[in-house]
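Listed in order, the protein sequences are those of chains A and B.
Under my numbering, the first residue of the first sequence carries the number 1, and numbering increases by one thereafter.
Under my numbering, the first residue of the second sequence carries the number 283, and numbering increases by one thereafter.
By construction, these hints were calculated from the structure, which means they are not laboratory data.
Glycine is no exception: its CB is placed at the ideal position from the N, C-alpha and C atoms.
Mixed in with the good hints there might be a few duds.
[What the hints assert, rightly or not] The calculated label-pair distances, taken between Cβ atoms and stated as ranges, are:
| # | chain 1 | residue 1 | chain 2 | residue 2 | range |
| --- | --- | --- | --- | --- | --- |
| 1 | A | 277 | B | 529 | 53 to 63 Å |
| 2 | B | 359 | A | 126 | 39 to 49 Å |
| 3 | A | 188 | B | 357 | 45 to 55 Å |
| 4 | A | 186 | B | 357 | 52 to 62 Å |
| 5 | B | 563 | A | 188 | 41 to 51 Å |
| 6 | A | 113 | B | 537 | 22 to 32 Å |
| 7 | B | 359 | A | 111 | 16 to 26 Å |
| 8 | A | 188 | B | 498 | 53 to 63 Å |
| 9 | A | 186 | B | 481 | 54 to 64 Å |
| 10 | B | 299 | A | 24 | 50 to 60 Å |
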Amino acid sequence: MAEPRALHRRRSVRLWLGAAWIALLLFAAIFAGWLSPHDRLAQDLMLQTLPPAWLPGAEPGYYLGTDSLGRDILSRILYATRPALIVAIVASSAACLAGSLLGLIAGFFGGWPDRIISRLVDIWMAFPPVLLSILLVAVLGPALSSVIIAIAVIDWTRFCRVVRAEAMQQRRMDYVDSAKVAGYGAWRIMAREVLPNVLPAIVVLFSLEMGIAVIVEAILSFVNLSISTDDPTWGSMIAEGRGIVHQAWWVLVFPLICLFLTVLAFSQFGEGLKERFDPVMR
Amino acid sequence: MSAPFLEIDRLSVRLRRGGEGRLLRGASIAVAPGVVHGLVGESGAGKSMIGRAIFGILPRAVEVIEGAVRLGGTNLFDLSDRERRRLVGVNAALIPQDPLTALNPSKRIESQMTDRLTRVLGLSSAAAKARALGLLEEVQIREPARLFRSYPHELSGGMRQRVLIASAFAAEPKLIVADEPTTALDVTVQKQILKLIAEMQRRRGTALLFVTHNLGVVAKICQQVSVLYAGKIVEQTDVATLFNAPTHVYTRALMAATPRYDRPEQSLAPVRPEVIAALNREIDETDKDWAAAHSAPLRARA
Numbered sequence: 001m002a003e004p005r006a007l008h009r010r011r012s013v014r015l016w017l018g019a020a021w022i023a024l025l026l027f028a029a030i031f032a033g034w035l036s037p038h039d040r041l042a043q044d045l046m047l048q049t050l051p052p053a054w055l056p057g058a059e060p061g062y063y064l065g066t067d068s069l070g071r072d073i074l075s076r077i078l079y080a081t082r083p084a085l086i087v088a089i090v091a092s093s094a095a096c097l098a099g100s101l102l103g104l105i106a107g108f109f110g111g112w113p114d115r116i117i118s119r120l121v122d123i124w125m126a127f128p129p130v131l132l133s134i135l136l137v138a139v140l141g142p143a144l145s146s147v148i149i150a151i152a153v154i155d156w157t158r159f160c161r162v163v164r165a166e167a168m169q170q171r172r173m174d175y176v177d178s179a180k181v182a183g184y185g186a187w188r189i190m191a192r193e194v195l196p197n198v199l200p201a202i203v204v205l206f207s208l209e210m211g212i213a214v215i216v217e218a219i220l221s222f223v224n225l226s227i228s229t230d231d232p233t234w235g236s237m238i239a240e241g242r243g244i245v246h247q248a249w250w251v252l253v254f255p256l257i258c259l260f261l262t263v264l265a266f267s268q269f270g271e272g273l274k275e276r277f278d279p280v281m282r
Numbered sequence: 283m284s285a286p287f288l289e290i291d292r293l294s295v296r297l298r299r300g301g302e303g304r305l306l307r308g309a310s311i312a313v314a315p316g317v318v319h320g321l322v323g324e325s326g327a328g329k330s331m332i333g334r335a336i337f338g339i340l341p342r343a344v345e346v347i348e349g350a351v352r353l354g355g356t357n358l359f360d361l362s363d364r365e366r367r368r369l370v371g372v373n374a375a376l377i378p379q380d381p382l383t384a385l386n387p388s389k390r391i392e393s394q395m396t397d398r399l400t401r402v403l404g405l406s407s408a409a410a411k412a413r414a415l416g417l418l419e420e421v422q423i424r425e426p427a428r429l430f431r432s433y434p435h436e437l438s439g440g441m442r443q444r445v446l447i448a449s450a451f452a453a454e455p456k457l458i459v460a461d462e463p464t465t466a467l468d469v470t471v472q473k474q475i476l477k478l479i480a481e482m483q484r485r486r487g488t489a490l491l492f493v494t495h496n497l498g499v500v501a502k503i504c505q506q507v508s509v510l511y512a513g514k515i516v517e518q519t520d521v522a523t524l525f526n527a528p529t530h531v532y533t534r535a536l537m538a539a540t541p542r543y544d545r546p547e548q549s550l551a552p553v554r555p556e557v558i559a560a561l562n563r564e565i566d567e568t569d570k571d572w573a574a575a576h577s578a579p580l581r582a583r584a
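One chain only, chain A, in its complex shape (with noise of 0.2 Å):
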């Protein structure tokens, strides 16, 4: 009995550790004003790519450095972490109740709606979603509504295939017909029967989305089709950092862990709700 303890506690691990990191993120991006010890624009010649404080050369209060312009690191990434957790929120939410919502009329139904909405998918999903996301934020121009809906018209086909195939499992189970033979309706079923036996599912894939989402803004930005190129994304740093990563390493270096721990933290904590899912509902 000494084993699955160790493992469920494995699990609470991976997913407090996420769930602190996206509590840290949300933090950051609300008091981003009040914590950055410097306006996040303010350019200053003197002050070039100032390494961070324990590498020699330091100036005191720039604690991560600054980039090409002066402007000081630590405060750019703390106002990134806005647009970050925006694009996380809204795409994918956006991307999940279209998605989920398709996918459950399709997976419960079946029949036609199940062959025009399969259709869609496969259609879909055969467009490169890298290239569409550019397409689409170039035609909407460059706007952080356009990256969001970059986001979510490309990645509802996620939701609405994983929706789709446990709607259609569900549909299966015999408290259906039971409820059927009660009297219910069939959006009532859809809707207060099988919905929540779905959600455990949609919630874990909601997590990993907006570490999807995260990643996508950050490419965008990269290439410069996110939002205007005075506010800071960690996208846009990392792209500015990549010219001068030989004489300074931290302008590429500290948006680019941020990135990568809050990708990690979304999708660690969608795994470990998942997990904290499966003993009940399976």
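With the hints as your guide, set chain B onto chain A.
Below, chain B without anything else, positioned relative to chain A:
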């Protein structure tokens, strides 16, 4: 005897596509209030199909092509979907075969039992709760209040089947269809569950259609029996006649195949090929008669 509450009248169903023959071949069954009617037959005979047709939960691939299912005189096939749901929801209930999947895993027992009472029957939530608790006591669950807060996965198979029985009787339906309610349970629990269903049915005078493949169960709790083979009812009689003087060869073969501890040498006899041949001839006859009485496309296929 009073007028039957459930009347299945020459019900025929078939597969929507590619199906040569019918899955139910004009089956008729009538069950009066207070009567337990056993429906026996081997696997694939169409026993569950009859039960499912009553509730409109036939598999998608199957369609009703002829016949009527009347509840209290109203033909369900004449009603709109909404009217049928309402009539069936109020008047009939199902005790399903597999208690493991028949309860929604994500809902507490309380809401599974009371939702229907408040939504379909219009009871107040307090009244629904009181009634559900009373029924849980009646099915001999020791701590109904605690069980109310449980999720299905916390209960044993026997407990779940008791909950399902309580749910079925909770709406005070005039008809209950029990679809092999003891098949998924082990033998000791089977006996208790059977007794429970029979007692509750007797107390309320419910019409009960009991689907089973077990003749021993039929002998214990049924008053009337229909023997089904390949979707055709080959013998329909009261239980005493069935066991003392079965008229159909298939019924006799089924009896001989039943294990008997008092006469081991006479039991477990396989159904002989000539019996099966006779049965198949009878089914062919039925199909021919039916095709002759019906429209051209069916005759063309024969």
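Legend entry - Cβ distance range 45 to 55 Å for residue 188/A and residue 357/B, holds or violated: 25 Å, violated
Inset, instruction - State, for the Cβ atoms of residue 186/A and residue 481/B, whether the hinted interval 54 to 64 Å holds or is violated. - result: 35 Å, violated
Legend entry - Pairwise beta carbon distance, residue 563/B to residue 188/A, judged against the given window 41 to 51 Å: 48 Å, holds
Legend entry - Cβ distance range 50 to 60 Å for residue 299/B and residue 24/A, holds or violated: Between residue 299/B and residue 24/A, where Cβ atoms are some 59 Å apart, the hint holds.
Inset, instruction - Hint says 53 to 63 Å; check whether the CB-CB distance for residue 277/A and residue 529/B agrees. - result: Since residue 277/A and residue 529/B have Cβ atoms about 57 Å apart, the given range 53 to 63 Å holds.
Legend entry - residue 186/A versus residue 357/B beta-carbon gap, inside 52 to 62 Å or not: With Cβ atoms ~22 Å apart, the hint is violated.
Inset, instruction - Go ahead and decide if the range 39 to 49 Å is satisfied by the Cβ distance of residue 359/B to residue 126/A. - result: 45 Å, holds
Inset, instruction - Determine whether the Cβ-Cβ distance between residue 359/B and residue 111/A falls within the hinted range of 16 to 26 Å. - result: About 21 Å separates the Cβ atoms of residue 359/B and residue 111/A, which means 16 to 26 Å holds.
Inset, instruction - Given the range 22 to 32 Å, decide if the beta-carbon distance of residue 113/A to residue 537/B lies inside it. - result: Since residue 113/A and residue 537/B have Cβ atoms about 49 Å apart, the given range 22 to 32 Å is violated.
Inset, instruction - Could you see if the CB distance from residue 188/A to residue 498/B stays within 53 to 63 Å? - result: Taking Cβ atoms as reference, residue 188/A and residue 498/B lie about 40 Å apart, which means the hint is violated.
Checked against the numbered hints given earlier, this structure breaks hints 3, 4, 6, 8 and 9; the rest are met.
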